[in-house]
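If you read the protein sequences in the order shown, they are chains L and R.
Per the working numbering, the first sequence starts with residue 398, numbered consecutively.
Per the working numbering, the second sequence starts with residue 23, numbered consecutively.
Don't read these hints as lab results, they were simulated from the structure.
Some hints could be false.
As the list claims (entries may be wrong) - Derived lysine-lysine pairs resembling DSBU-like cross-links, with alpha carbons at most 35 angstroms apart:
| no. | chain 1 | residue 1 | chain 2 | residue 2 |
| --- | --- | --- | --- | --- |
| 1 | R | Lys159 | L | Lys505 |
| 2 | R | Lys128 | L | Lys476 |
| 3 | L | Lys416 | R | Lys183 |
| 4 | R | Lys124 | L | Lys476 |
| 5 | L | Lys476 | R | Lys256 |
| 6 | L | Lys505 | R | Lys301 |
| 7 | R | Lys294 | L | Lys505 |
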Amino acid sequence: MSEYKRTAVLVDDNESSHKFFLRSVENLSIDLKAYRDTDTAMKFLGENKPSILFLNIILPDKNGLTFLGELRKLPLHAKTPVIMLTSNDYSQDRTVGSELGVLDFIVKPMSMRTITSIMLDYIK
Amino acid sequence: MTKSYIRFWGVRGSYSAPFETCLKTGGNTPCVEINVDGHTLICDAGSGIIPLGNKLLNNEKNKDILILLTHFHWDHISGLPFFGPAFHPKYNISFFGPGESKEIIKKYIDDQMKAPYFPVGTEEWVANISYLDPKEKNITYGPMEISYYSAYHPGITYGYKINVNNKTIVYIPDNECLSPNKPIENPEEFSDEEITILEEMTREEYRAETNTIENTDILIHDAQYTPEDYEKKKGWGHSCYTDVINMAIDANVKNLFLFSHDPNNNDEMISKIFEDSKKIIKNRGSSLKCFISTESLKVSLD
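Input sequences plus hints: build the corresponding full structure.
In structure tokens form, the structure reads like this:
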């Protein structure tokens, strides 16, 4: 297992979201790895710990919060910093996320400044 | 005699509506029976599962039952403490729902029947109870192929897709469906480039949702709010019926059953929703057939 420095992972099936994140980090020297489903993301996350993980709640193959629950059981990801993405901000999701150690929720539509700011806070 | 059918046993969202002015539509919370060649599939275990359980005890030869739970909010599990077949040793009852493990799902079901909330615990169930592995992505139950996807609703909530008899049924009782033209609030805070990408992001999210239900033969969908209600209740996890109808048309759904009626809406109000629904469909020139889900409504699957 290796620990990647300055690597951010995005799991979201929305291609425009990938584009938005890529534009947000293009001046930050951050390696952004973007995946559209949890199965594909797991091929990377199974062996690598990113500096930060952005995880959409509604995903095509698995609920993002369910996926995070599985990740947390892996020693590698017990403390991986995680930010959840959502289009609908529900307090029960925040409660579940809090129990899983989620640092924050980003509610879409968000600004590039929000993403940049979070990246700079957590990737030092 | 119809061999394969869908029957609605509970159609109200949030809480029961046992009021005189609501009984034409029905007052029980979500429960839908899908019966195919004697295989009993039950979608959700709201208070509607109580009369369904009594019917099963009295009539059915088949003793195998699969219960799909969309989530564990009370209105979707509150009938389980009174579900007769669970207290009968001849029944085999399996549960499937959102969760990380069989043990978690069992815990969610057990907890509502623990003291001081209820005097009889699930340890009193004498049926053969089992919990399917929630990590299974597809379930085969008799002739039915079942898959699921995440809904927009507080907590982890599923919608179920059931393929049977060359028909696709989607059951999604609690879902705050998206709109393709959702305006960006405070646009002055965003650059032109951001707005362009964000608007495409919204349209893409909407396409993902319509793709999930595309060409569905029978869509049973949350339609709890009127436009006026939804203005006050955005973010509560339920849909406005006008959004559901437009989404169903965009997804080329064949038959839409408006479901999870607001318990505050009496029969007269629900009739008005139905009339307005027909107008929306006519104005869009769509062939969508729209129905109000009512208790005891039976739909043939033959």
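Each hint, compared with the structure:
no.: 1; hint: R:Lys159 - L:Lys505; result: holds (28 angstroms)
no.: 2; hint: R:Lys128 - L:Lys476; result: holds (28 angstroms)
no.: 3; hint: L:Lys416 - R:Lys183; result: holds (31 angstroms)
no.: 4; hint: R:Lys124 - L:Lys476; result: holds (25 angstroms)
no.: 5; hint: L:Lys476 - R:Lys256; result: holds (33 angstroms)
no.: 6; hint: L:Lys505 - R:Lys301; result: holds (32 angstroms)
no.: 7; hint: R:Lys294 - L:Lys505; result: holds (34 angstroms)
The structure agrees with every numbered hint stated previously.
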